[in-house]
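Going down the list, the protein sequences come from chains A and B.
Residue 1572, in my numbering, is where the first sequence stops; the numbers in between run on with no holes.
Residue 414, in my numbering, is where the second sequence stops; the numbers in between run on with no holes.
It is worth saying that the hints were derived from the structure and are not from the lab.
Careful: at least some of the hints might be erroneous.
What the hints assert, rightly or not - Label-pair distances were calculated between CB atoms; the ranges are: (1) GLN1511(A) x PRO395(B): 51 to 57 angstroms; (2) GLU1521(A) x SER404(B): 36 to 42 angstroms; (3) GLU1530(A) x GLU390(B): 49 to 55 angstroms; (4) GLU390(B) x ALA1207(A): 30 to 36 angstroms; (5) GLY1441(A) x ASP387(B): 34 to 40 angstroms.
To be verified - Here are the computed lysine-lysine pairs in the DSBU-like style, where the Cα-Cα straight-line distance is at most 30 angstroms: (6) LYS1463(A) x LYS361(B); (7) LYS1542(A) x LYS1077(A); (8) LYS1500(A) x LYS255(B); (9) LYS1083(A) x LYS1500(A).
Small disclaimer: the values here were computed from a predicted structure and weren't measured.
Note that beta-carbon positions come from the ideal geometry of N, C-alpha and C, so glycine has one too.
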Amino acid sequence: MSAPLSNFPGGLKLRGHKKRSTQQPIRKTPLSKQLVLPLQQHIGAAAVPIVEVGDNVLKGQRIARAEGHVSVCLHAPTSGVVSAIGEHAIPHPSGLSAPCITIETDGEDRWIEREQIADFRQHSAHELRQIIRDAGIVGLGGAGFPSFIKLNPGVHHTVETLLINGAECEPYITCDDMLMRERADGILDGVEIMLFALRASRCILAIEDNKPEAIAAIRYALTGRPHLSQTEIVIVPTRYPTGGEKQLIQVVTGKQVPTNKLPIDIGIVCHNPGTAYAVGRAILHGEPLISRVVTVTGTDVPHAGNFETLFGTPIKDLLDFCETKRQPDEPFIQGGPMMGYSLAGDDLPITKTANCILVGVDDVAPPAQPLPCIRCGDCADVCPASLLPQQLYWYSRAKDFEQTRNYNLFDCIECGCCDYVCPSKIPLVSYFRFSKTEIMNQQREQQKADLARERHESRLARLEREKQEKEERQRQRKAALAASKAAKAKEESTTNAESADSVNEEKA
Amino acid sequence: MLTAIIAITLLALVLGLVLGFASIRFKVEGDPIVDQIDKILPQTQCGQCSFAGCRPYAEAIAAGEVDINRCPPGGETTIQALADLLDVEPKPLDEECGVEKPKTLAVIDEDRCIGCTLCIQACPVDAILGAAKHMHTVIADECTGCELCVEPCPVDCIDMVETQPNPHTWRWPDPSHVDLQRRTGS
C-alpha cells in the first residue's frame, strides 16, 4: 500500500451475509423461452430498435442503436426471432411499462460473426470507445451510466487514477466478488484497455478485506502481467457504504469529490470490475454486453449463488432455477437490502443494472408505523455524505423543496444508513427519494412553462406582424386605388381642357 | 455662511450627478415584479383567469387589480408561491375560474378531423399542426392542456387525455401518505 488509508464520515458495520451465495462457482442460467429487452437499460436516451417483428436475430446482433450522445446500443442475447416490439413491464420501482423488444429464443445460441482485436494498442482511444459504445457497455455496479463516456478524459481533464471499485459493501451481494475470484484475468484485460483509453498513470483495485479469495485471485493474476506495474491492490476495511463512489475515493485517496462535481474533476475515474470485464470481452473477443453475473440470494433461497444470466431472462425463471420458496407474485428486492427496491410481477426481465435478486432478508426490521422524530441525531452521525437527514426529513415532509436543496439533498446517495439507525423507524430515504423526484418534476414543468411562454410570445408577435402586414396591404391597395382614380380624373380633366382649347381655338 | 451654502450646493450637484448617472446606467427594463409573477404562473395560456393569457394576468396582479387565486392549472402550489412572492395571505382557488385538475393533453381523433383549422387558430402556443382540408395533429411536447381547442372544433374530435407518467417522469410517492405494505427498500 502506497499511502495510508483515509476514512469517510459515518457509515455502518453490517453483517455481510455473503457466504450464502459464494459456496458455488458462477453458474450459467438456462436459456429461457422468451427474452424481454427494455430499450432503456442505461442512464440517458433510450435505444432505437433497428429490427422488426418477425426478424431472425443472431446472438450478439445489434437490435437497437444508440440515440444521441448519452446512450448505448442493445444486442440480442441469443439467437431467435423478434416476436414483439412494444410496451412491457420493466423492473422499475414505479411498476410501469416501457418499450421493450421481445425475442423468442430458438435454443441454438448461434453467434454473429465476432470481430476480435488482438492488439488494442494499434487502435486509437476514440476507436476503442466507439467499440465499447457499440457493444452496449454501461456501468454494471447498478447505476448504468454509459461506460464510453467515463472512459473519455476529454480535453479539460487529466486522469491520474483509474479506480476499480471492488468494495461491494452492501450485504448479500457477491457478484463482483465471484467475478474477481474466477475471472481476474478478464478483469485485468479490461483494466489495461481502460488505462489506455483514459491515458491514466495508475490503477487502484480497491477490495474490501472481507474478500480474501478475490484479493488473492487478483494478486495472482497481476503476477502474470509485469507490465501492469502501475496497478496496485488496495485492501479497504469492510464498512458500509465504502462502495459508494465518492466514499471509496475518500477512503483510498483521502480526497473529497466536491458537491456538484464528478470524480474526473479531481483526476479520478471509477469503474466496476464487471464493467472492466465487459470491456475486455468487447475489445479482445468482440462480444457485446449480453449477459451479466447476478447474485440470487436471501433467506428464502435454498440454492443461493451467482448466475451468469442473459439480459431479458425473466427473473421468475432465475428464481425457479434457484428453487426459491417465493410464492407467485410475491415481491422481491432488486439490489441489496439497503439500497434496493422491491419489485412485484413474474414477467420482469433481468437488465444490465440488475446485480442482485434478494428474496427474504434477515435483520432488517420490517416496516413499522413511524414515530415522531426525536432529533437524536443518530442519522447525522451515520450519514456518509455529512448531511443532516433530520433537517432534510423535516423540509421534505413540509414539501419545502427549496430548503432541502439548501441542505444539499442531491448529495444524498440513498445508502439507507439513516433509515437503519433511526429509533423512530422513519423511512428517511423514502422521503429523500420523494423530494428528489418532486424537485426534478418541478424543473421539468418549469422548462415546459418557459417553452410555452416563448411559443405564446412568438405567436403573439406573429399575429401582430400579420395584422400589420394586412393593414399595410390595405393601405397600399387604397393608395393604389386613390392613385388610379386621381389619374383617371386627371385624364378626364386634360381631355376636357383639350376640347376646351380646341373650342377656344375654333372661336379664335 | 457662504462656505456652507457653497458646500451644500456642490454636494447637491455631485450627488445629483451620481443619481442621474445611476438612473441611466442601472435602468431596469420593464417591470421586474410582473416578470417574477409571470414566471410562477404555469403558462398554460388557458384564459380561465379571465385574462388573455398568463402575462396579462401577471400584469393585473402586479397592479393590484385582481386576486392571486384565479389560476386553476397552477392550483394551490401557484397560489402559495404567489403569496410568498407578494407577501400576502394565500387564499383557496376561486371556484368561479374552475377547479384544479390533473394535467391533460389534447388528442385529435384523426379519423374524424375534417381539417377546418379552427383549433389551429385557437391554440395559444401553436402546438397544433395541419393545413386546410388536411388532418391536424397535436405536438404532444408543446401542448399545455389549456382546452382552448376543444370548444371551436365543429366535429368534436378533440379529447383531453390525462397525461400518464412513464418511468422517466414517475415520482416516488409521498411517504407520509403511503401505506406500509407498499413501502420499498427497508
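Each hint, compared with the structure:
For the pair GLN1511(A) and PRO395(B), the beta carbons lie near 19 angstroms from each other, so the given range of 51 to 57 angstroms is not met. Range check, GLU1521(A) to SER404(B): about 40 angstroms between beta-carbon atoms, so the 36 to 42 angstroms window is met. Between GLU1530(A) and GLU390(B), the C-beta spacing of about 35 angstroms breaks the proposed range 49 to 55 angstroms. Checked against the hint of 30 to 36 angstroms, the C-beta distance between GLU390(B) and ALA1207(A) comes to roughly 31 angstroms, which is consistent with it.
Distance hint for GLY1441(A) and ASP387(B): a CB-CB separation of about 54 angstroms, inconsistent with the stated range 34 to 40 angstroms. Restraint check: the Cα-Cα separation between LYS1463(A) and LYS361(B) comes to about 49 angstroms, which exceeds 30 angstroms; the hinted pair is violated. Straight-line distance between C-alpha atoms of LYS1542(A) and LYS1077(A) comes to about 89 angstroms, which puts the hinted pair past the 30 angstroms bound. The straight-line distance between the Cα atoms of LYS1500(A) and LYS255(B) is roughly 38 angstroms, outside the 30 angstroms bound, and the hint therefore fails.
Proposed proximity of LYS1083(A) and LYS1500(A) is contradicted: the alpha carbons are some 35 angstroms apart, above 30 angstroms.
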